[in-house]
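Next come the chains, spelled out residue by residue.
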Amino acid sequence: MSDQLKILEMIEKGRITAAEGMELLEALKASGSGEEPSRAETLPAGNRRTYKFLRIKVTSDNKSVNVNVNIPIRLLSAVGEIAGKISSFVPKDAREKMESGGVNLSEIDFSKIIDELLSGTLDDPTIVDVSAWDEEHNSMIYVKIYVE
Amino acid sequence: MSSRVIRILWVKVRTDPKNGGGLRLNFPISLNVLLELLDCFGDIAAVLGVFTRPGPASQRFTVRTLKELFAMLTELVASVADKEPYDLAEVSDGNVLVSIRVR
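Chains as they are written, first to last, in the working numbering: chain Z, 1 to 148; chain A, 1 to 103.
If you are wondering where the hints come from, they were derived from the structure by calculation, not from laboratory data. There may be inaccurate statements among the hints.
Straight-line C-alpha distance at most 25 Å; calculated SDA-like pairs for lysine to any residue [said to hold, decoys possible]:
1. Lys52/Z with Lys67/A
2. Lys67/A with Arg95/Z
3. Lys52/Z with Lys18/A
4. Lys18/A with Asp109/Z
5. Lys57/Z with Glu9/Z
6. Lys12/A with Arg95/Z
7. Lys144/Z with Ile71/Z
8. Lys57/Z with Lys67/A
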């Protein structure tokens with residue numbers, strides 16, 4: 001049973017007040033013992049996979065578009081290291097436009113996303129698998145991003 | 001004797017690929033040469049930084065930014081070179097085919 005659950009049960013049974021419980025939860029959070037270990041730490045080493053490439057494939061029914069990009073994982077880790085710096089090069093107007101659309105670059109933790117890929121602990125190596133109708137070319141467009 | 005593997009970034013541009021005709025352009029770029037060039041440009045930017053006056057804090061693009069940019073590019077190009085040859089990108093819109101291969 002986790003520590004948080006124990007505290008909640010103590011509040012429920014009336015052993016401690018809600019305010020005391022809150023204090024205990026905050027203390028637990030500050031000590032870091034309430035944090036769950038990351039998936040990479042809990043998963044046995046044998047279950048981890050070593051990926052070599054991040055593959056991006058964009059295809060269409062009538063072959064009007066064909067994009068095939070293979071990004072080495074090593075390049076991805078280099079991108080992760082400099083992702084924070086890259087976002088500072090985005091012009092202010094473009095940043096504002098993205099924020100108005102609900103995309104805040106400073107809130108995206110690129111290194112965490114890349115760490116998940118590098119650790120090889122993904123349940124499903126397919127990250128993106130979508131299809132959409134392209135009115136310009138009158139065909140279905142398929143986008144698939146996966147690690148291999 | 002140098003044990004450094006020579007990697008070439010091979011950029012191919014081909015027009016009208018469906019009919020087998022059109023224009024074919026090949027740009028072989030040595031990754032080692034590119035890395036050396038970027039390294040040199042980084043050093044030049046560092047020297048420029050010594051002789052240029054620091055601009056106002058509001059200035060977006062400074063010599064220091066340029067130096068950082070070259071350092072980032074060097075890191076990216078270095079990580080493109082893998083142990084084995086591979087196809088980095090292949091983009092086609094039906095009329096033009098662009099492929100970038102690491103050989």
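Hints that the structure is at odds with (numbers, increasing)
Violated hints (numbers, rising): 1, 3, 4, 5, 6, 8; every other hint is consistent with the structure.
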